[in-house]
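2 protein chains.
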Amino acid sequence: MRTDYCGNIDSSYTGQTVTLYGWVNKRRDLGGVIFIDLRDREGIVQVVFDPDLPDVLEVANTLRSEFCVKLSGKVRARPEGQINKDMRTGEIEILGTALEVINRAEVLPLDWNQENSEEQRLRYRYLDLRRPVMSQRLMFRAKVTAAVRRYLEEDGFLDIETPILTKATPEGARDYLVPSRTHKGEFFALPQSPQLFKQLLMMSGMDRYYQIVKCFRDEDLRADRQPEFTQIDLETTFLDADGVMAITEGMIRDLFNKMLDVELGDFPRMTYGDAMRRYGSDKPDLRNPLELVDVADLLKDVDFKVFSGPANDAKGRVAVIKVPGGASMSRKQIDEYTKFAGIYGAKGLAWIKVNDDSMGQDGLQSPILKFLSDDITTSLVERTGAKTGDILLFGADSATVVTEALGALRLKLGEDFELLQGDWRPLWVVDFPMFEEVDGELYALHHPFTSPRGLSPEALKANPVEALSDAYDMVLNGVELGGGSVRIHDQAMQSAVFSILGIDEEEAKNKFGFLLDALQFGAPPHAGLAFGLDRLVMLMTGAGSIRDVMAFPKTTTAACPLTSAPSPANPQQLEDLAIATVKKPS
Amino acid sequence: MRTDYCGNIDSSYTGQTVTLYGWVNKRRDLGGVIFIDLRDREGIVQVVFDPDLPDVLEVANTLRSEFCVKLSGKVRARPEGQINKDMRTGEIEILGTALEVINRAEVLPLDWNQENSEEQRLRYRYLDLRRPVMSQRLMFRAKVTAAVRRYLEEDGFLDIETPILTKATPEGARDYLVPSRTHKGEFFALPQSPQLFKQLLMMSGMDRYYQIVKCFRDEDLRADRQPEFTQIDLETTFLDADGVMAITEGMIRDLFNKMLDVELGDFPRMTYGDAMRRYGSDKPDLRNPLELVDVADLLKDVDFKVFSGPANDAKGRVAVIKVPGGASMSRKQIDEYTKFAGIYGAKGLAWIKVNDDSMGQDGLQSPILKFLSDDITTSLVERTGAKTGDILLFGADSATVVTEALGALRLKLGEDFELLQGDWRPLWVVDFPMFEEVDGELYALHHPFTSPRGLSPEALKANPVEALSDAYDMVLNGVELGGGSVRIHDQAMQSAVFSILGIDEEEAKNKFGFLLDALQFGAPPHAGLAFGLDRLVMLMTGAGSIRDVMAFPKTTTAACPLTSAPSPANPQQLEDLAIATVKKPS
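Chains as they are written, first to last, in my numbering: chain A, -1 to 584; chain B, -1 to 584.
The hints are simulated quantities; they were obtained by calculation from the structure and are not laboratory data.
Remember, identical chains collapse to one label, so a pair may be satisfied in a single copy or spanning two.
Below, simulated DMTMM-like cross-link-like pairs (lysine to aspartate or glutamate); rule was C-alpha separation at most 25 Å, straight line:
#	residue 1	residue 2
1	Lys83	Asp259
2	Lys24	Asp488
3	Lys337	Glu416
4	Lys313	Asp280
5	Lys507	Glu117
6	Lys385	Asp292
7	Lys24	Asp515
8	Lys68	Asp240
9	Lys581	Glu184
10	Lys256	Glu152
11	Lys141	Glu151
Based on the sequences and whatever the hints tell you, model everything.
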């Protein structure tokens, strides 16, 4: 019935009669001649209704925005001055010869010409998605998943579905629970990831698994988290970290090449230690040229406690960021950056402006110059490579605070001073610690199934804090695209890790008995990775939020204004499930 | 590291040294020479360890079933008498030259040489899936989904994800509920299908949508249902029923052709009325040649109330199945079939054996002959085409009982008498009634969003019982592969259907307000279909249950013996969710 999509009618159709379906994007009346822009998912085409065909013109006269219509007409070249080379349909127009209104439209509750509230956009999502920018993002996303699937399938990966109704995980507090009707008083949990199932599939010999799969996390929603999100999840057998990194790097490179015509090249690798030291982040944005430069060794003996204290403390850190052109900062700007660093615990932000790099200390400007000898300032300028017009900003505190505060400041300065270079800067971060210590307790930095690098269970137990894991994160432009690891395939090692994490034998058996069992029956070495699909598509489309690359996202309070979910349950249903809601004193 | 999969090593590798990873499928010791069958997902290859290499032989001596190993060796032709042409690797063997045990295995809790209980198989699913028949099914399934995706994507369908955390549906009693932590006392529901979301996507202009998607139903599990199952779900805009049927029939034909080298041909179409009348089922198995033949008109005046009663009742039915060769049935067999028909409400099963079709009533044998004139028996024999050696089995009762009982009996007789013809017999069933009446109330036979055929809202309201819907089911070998319909895109029609279903305005607004809203803004005509992927793969692989084509299914009581889900929840978590479990008096 339809000749083609509206957006595909180009000059190759000139002279032909076409039939199209679509929506009225815009209608103009120019002295009795009516023009409409007819829209479908592939684009917009211009239609003209001429007084020579009064019956059709009469119908065209009734058209309003977003009416759904069927149109037939003859394709002809546009008059010279009206050609638009930027549109596929920009060289032609259609002289409408038949027009049928399929469905009328009320005035839309969303005004596409202005910003609409998130709530309103989500409530009328089906209208919001009509906006070309939105439908194009969903189409782009569909092409991404298709390309990913093809790449992985050609490499022997099998798409295998894992359960959504499953058992609560160690990070149980964030599990969505599902009451069971058959087993009253008991609950399923929605998976935060298919981690254990994909490991079991490797133990069953499936060799290479992948899945583009929904995962769930019931957490306090920060700006850009969603209760359900989508992972590109994969796992391989008999491959080490390098093997998995080669496959997944190849996949992302291929994707950027096919979808964006971008050549990413080989991804550099950086250790977690270097990333934290140089960029104050385990997901450094390498487009940003600013670096944290350690200067504690220069400041151990200065008569300025703010510096000498941390410089002499094994757990302290003194580092500096040189901002090219930053000497132009006003006192007010510096105050604002100081406040910003304060969010991350920094108690102040010492600074030195380089007004003239040929004049030694006389060319410098800073409230703290009096504490620093000529030798020291010379060394500081040399080490940071500071030139006329630059500013040095100092962090001096515990290593954690300095790293975090300067890491955040680095990002902000990079944006404010428009320092970002290059469009796409991917890298691998490797050599993570196995554990992180919080208040004297050890936590798995990745997850408890991650293998340590080159350690026996005994060696790991002897010094867990120093142990490195065989984990790897792929980072792009400061966003963690994906992370993975070599998994433990040895029962003794898995037990050792549980014990280091304070999971006693009974708890381990209760929660992970099936995994420990499975490790007894010829479990193979295996490793994998999971990408966040939403974030990947967000980056690739330049969207501002993962919500803009999902068809029906939730609000930041995990609700759906479109369907009004969640909602109170039917009392009979709660009775069937043997649960009751509990009113809290407010 | 690996040269290839074990199952791919064929005579083209002869003379080469290969490195393989895999599991010991079997180990035999033949006079000091050790043979192992090494297995991976692609198949099995034979390895020989020779006393000439004593170090390797010593390691080989320690091998037991399911050890995970790395092996290197030289590929050579098998001795003449040992060639197995049925296996890809059957012409070669590998002389093992290096062997490393990667992981040992305890004796398996499953004995693959005998039937294991479902519970045991699911508890050790990772071992059950190592069986080649099981891993091959999962691989087959992955190829099916890949082929389906490619077919649909080439036809312009976009893979768009719809939410898993959503609002309760009209069939709410079967919804799995998910308590919300952010909105205490309220619940999400897991979707029984993405029906409304895919309709909204059509209203947003996405034009063609598909998704291979998990759906959920918390129902009493019959033999072959699962709490979570997978649909191939699709929806199109501006296409009618024929359009959707052409696309989906083409997809299934292509799939059978590619995967099984089977040419399905054009699918015949049958009305729901014909299917029920001739086969006693809305999903007739056309491999079975038996049919229900109506004979009420012949039996209106017989002096046998069992026949004449239903024959004269407008809601009654008298029908007969002719079973070729059925005259050999013993009295006991007939009693068993009578009992079987009784399950479906039939109070008896009258029969006539045709011992000699050339002798008129003298050639017939039956306890009811005395009630039937010569004319009548002649007409019965003629209409059914009964021949010497056949039996006629009668159903006489309400139409519902006769149709259901003879429909079930037909299937059983077809199997017992081995009457099934042909491997694959697909068809479309069309022209369903819009509503079915149960105890005076009307229910939607498909769902409340299905469009009636060629009726205005007023005409539909005037006579809903007679209305046909624009719905279609694809049936293969007696199994409903998929079903779909043209949807309502007109607000007045949607309101009319809600009102016929007894959903008042307030309830409609509360449950489906967003749909009714959406229909006001230029909603396009749309239609779609959903296939049950599990059943499709089950049929194509010849598996006995959908559980055998899922990686990690639940038991028939909706539990997972592997992970012990569902399980009691952490009390703190329940408190956070503001719900409590309720103990029922037992």
